[in-house]
Each structure stands twice: as structure tokens, then as C-alpha cells.
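Colleague: Residue strings, one per chain:
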Amino acid sequence: GAVVSQHPSWVICKSGTSVKIECRSLDFQATTMFWYRQFPKQSLMLMATSNEGSKATYEQGVEKDKFLINHASLTLSTLTVTSAHPEDSSFYICSAEGPTTYNEQFFGPGTRLTVL
Amino acid sequence: AQKVTQAQTEISVVEKEDVTLDCVYETRDTTYYLFWYKQPPSGELVFLIRRNSFDEQNEISGRYSWNFQKSTSSFNFTITASQVVDSAVYFCALCTGGFKTIFGAGTRLFVKA
Numbered sequence: 010g011a012v013v014s015q016h017p018s019w020v021i022c023k024s025g026t027s028v029k030i031e032c033r034s035l036d037f038q039a040t041t042m043f044w045y046r047q048f049p050k051q052s053l054m055l056m057a058t059s060n061e062g063s064k065a066t067y068e069q070g071v072e073k074d075k076f077l078i079n080h081a082s083l084t085l086s087t088l089t090v091t092s093a094h095p096e097d098s099s100f101y102i103c104s105a106e107g108p109t110t111y112n113e114q115f116f117g118p119g120t121r122l123t124v125l
Numbered sequence: 042a043q044k045v046t047q048a049q050t051e052i053s054v055v056e057k058e059d060v061t062l063d064c065v066y067e068t069r070d071t072t073y074y075l076f077w078y079k080q081p082p083s084g085e086l087v088f089l090i091r092r093n094s095f096d097e098q099n100e101i102s103g104r105y106s107w108n109f110q111k112s113t114s115s116f117n118f119t120i121t122a123s124q125v126v127d128s129a130v131y132f133c134a135l136c137t138g139g140f141k142t143i144f145g146a147g148t149r150l151f152v153k154a
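Each protein sequence line maps, in turn, to chains A and B.
Under this note's numbering, the first residue of the first sequence carries the number 10, and numbering increases by one thereafter.
Under this note's numbering, the first residue of the second sequence carries the number 42, and numbering increases by one thereafter.
If we strip away everything but chain A, and leave its shape as in the complex, we get (with noise of 0.2 Å):
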């Protein structure tokens, strides 16, 4: 089956830092990929969807210049917490699809924030 990565899988940082996180598709092109965000014992929320070459579609609510979103590849699509705060601790899962699997994403296996 296809796999997604992310790196890193766990990162702590102090307030007003920024950090990226990376999803990378290993075995196929991924024309679409999704960021998710997940608090503590709730479900994936949908934050943005990125086309490669485009600029990502953010769900309402979420702010853009907040959660940067880069997808550059076909293969790689970054987030991007920008001056991050207590408040953006939480559990981020990307997702991907593209030509070769038929309707269905496949998630990676998510990246643990934490900001001091």
C-alpha cells in the first residue's frame, strides 16, 4: 500500500518559536494532500486541503498566515506553525492522495506539538 511519512514525529518548542512539519508521499505522487489536527481525546479536525502548485484551501477557522502551507512536490507538503503558543499543542496528521490511489488517502502516522 502507499506510504506517507512525517517528519518529525514528536517536537516540543518554546512559545513564539515557528515549526515546520513535513509529509512526504514515499511511493507515490500525491496531488492532493490534507492536514489534520487532532486535540486530545477529540477527533481529526480538517485544517487545509494543497494542491501541488497551488495554494492550499483553508477550512473555516483556520488562519492561514498561522498555519503556512507549502506544496511544492508531488512528494512533499509542509505546515508551517508560525510563532507558536501554548494553545497550538496538539496532535497534526497529514493525509495524501493522488492518480494511483484510487480515492483513497493515506495518512501519515502524525507529528505530536507541544509548545512550552
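Mixed in with the good hints, there may be bad ones.
Stated by the list, open to error - Dumping the calculated SDA-like pairs for lysine to any residue here, alpha-carbon to alpha-carbon at most 25 Å:
no. : chain 1 : residue 1 : chain 2 : residue 2
1   : B       : Lys141    : A       : Thr66
2   : B       : Lys79     : A       : Thr41
3   : A       : Lys50     : B       : Ile143
4   : A       : Lys29     : B       : Glu85
5   : A       : Lys50     : B       : Val54
6   : A       : Lys75     : A       : Phe48
7   : A       : Lys50     : B       : Pro82
8   : A       : Lys64     : A       : Lys75
Note that these hints are calculated values from the structure, not bench results.
Treat the numbers as computed from the prediction; the structure is a model and nothing was measured.
Fit chain B to the supplied structure of chain A, relying on the hints for placement.
Modeller: For chain B alone, coordinates are given in the frame of chain A:
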């Protein structure tokens, strides 16, 4: 509007019991996909099944079975002879046009030895 409802927040069973996790969805699209995912404590989502809207055939995979009924917009998941390793959060999800996937709130399953 698209919506997925998992009314059961937590379920606790004793090992070897059967357990059914409910999922009810709402969508106006005629073409859509339904999924079940398992999320163990490690956090990684584990894909269990995908069903498209035109395939109402029930499916069995080992101890897992799924009952898809369009008439009631339900896609329920049954674990037979539950095991401690089945303890996790289970999410039902709906994917419609544009591959936008909406997740239910999840059901936390505790299986006691």
C-alpha cells in the same frame, strides 16, 4: 451538509464479547465513500475498510464485519470475540466530492481481560 455521527463515546466490554460500533452519516451526494479507522494509543491511524456508496454488500474480515445500510444511512462495525488488543479509538469517516474527509467524533473501546 456532510456529517458523521458516532453516538457512542465510550464502550467497555470484557474479552470475548462481541461489540458493535455505530455510525450514522449525512450527505446529499450520491457518490461517496465510507471508512473505518482504528487509532491505538500511539496515534497512528490504521485503515480498516473503505466502502463506496454503490456497494451495499456487507463485508467480513476475520473478526471484523461491517453492515452498510443506505436506507438508514448507517455503516456499523462489529468486532466478534473482542480482544484486549482491540482497545483503541475507532473513527468512522465520510469522503465526498473533492476527497474531503469528515470524521465522526470517535468511539473509545475498552476491552478488559
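Colleague: Given the hint that Lys64 (chain A) pairs with Lys75 (chain A), test it: the Cα-Cα distance must not exceed 25 Å.
Modeller: Holds, at roughly 15 Å.
Colleague: Sort out whether Ile143 (chain B) lies within 25 Å of Lys50 (chain A), counting only the CA atoms.
Modeller: Status holds; Cα separation ~17 Å.
Colleague: So if I understand the rule, the pair passes when the alpha-carbon distance is 25 Å or less; does Lys79 (chain B) with Thr41 (chain A) pass?
Modeller: Judged against 25 Å, a Cα distance of about 23 Å means the pair holds.
Colleague: For Lys50 (chain A) and Val54 (chain B), compute the direct alpha-carbon distance and say whether it is at most 25 Å.
Modeller: Judged against 25 Å, a Cα distance of about 19 Å means the pair holds.
Colleague: Take the C-alpha atoms of Lys141 (chain B) and Thr66 (chain A), compute the straight-line distance between them, and say whether it is at most 25 Å.
Modeller: holds, 11 Å
Colleague: Is Lys75 (chain A) close enough to Phe48 (chain A), meaning Cα to Cα at most 25 Å?
Modeller: Holds - the C-alpha atoms of Phe48 (chain A) and Lys75 (chain A) are around 17 Å apart, at most 25 Å.
Colleague: Decide if the proposed pair is consistent with the structure: Lys29 (chain A) and Glu85 (chain B), CA atoms, cutoff 25 Å inclusive.
Modeller: holds, 19 Å
Colleague: Take the C-alpha atoms of Lys50 (chain A) and Pro82 (chain B), compute the straight-line distance between them, and say whether it is at most 25 Å.
Modeller: Status holds; Cα separation ~11 Å.
Consistency note: the structure conflicts with none of the earlier hints.
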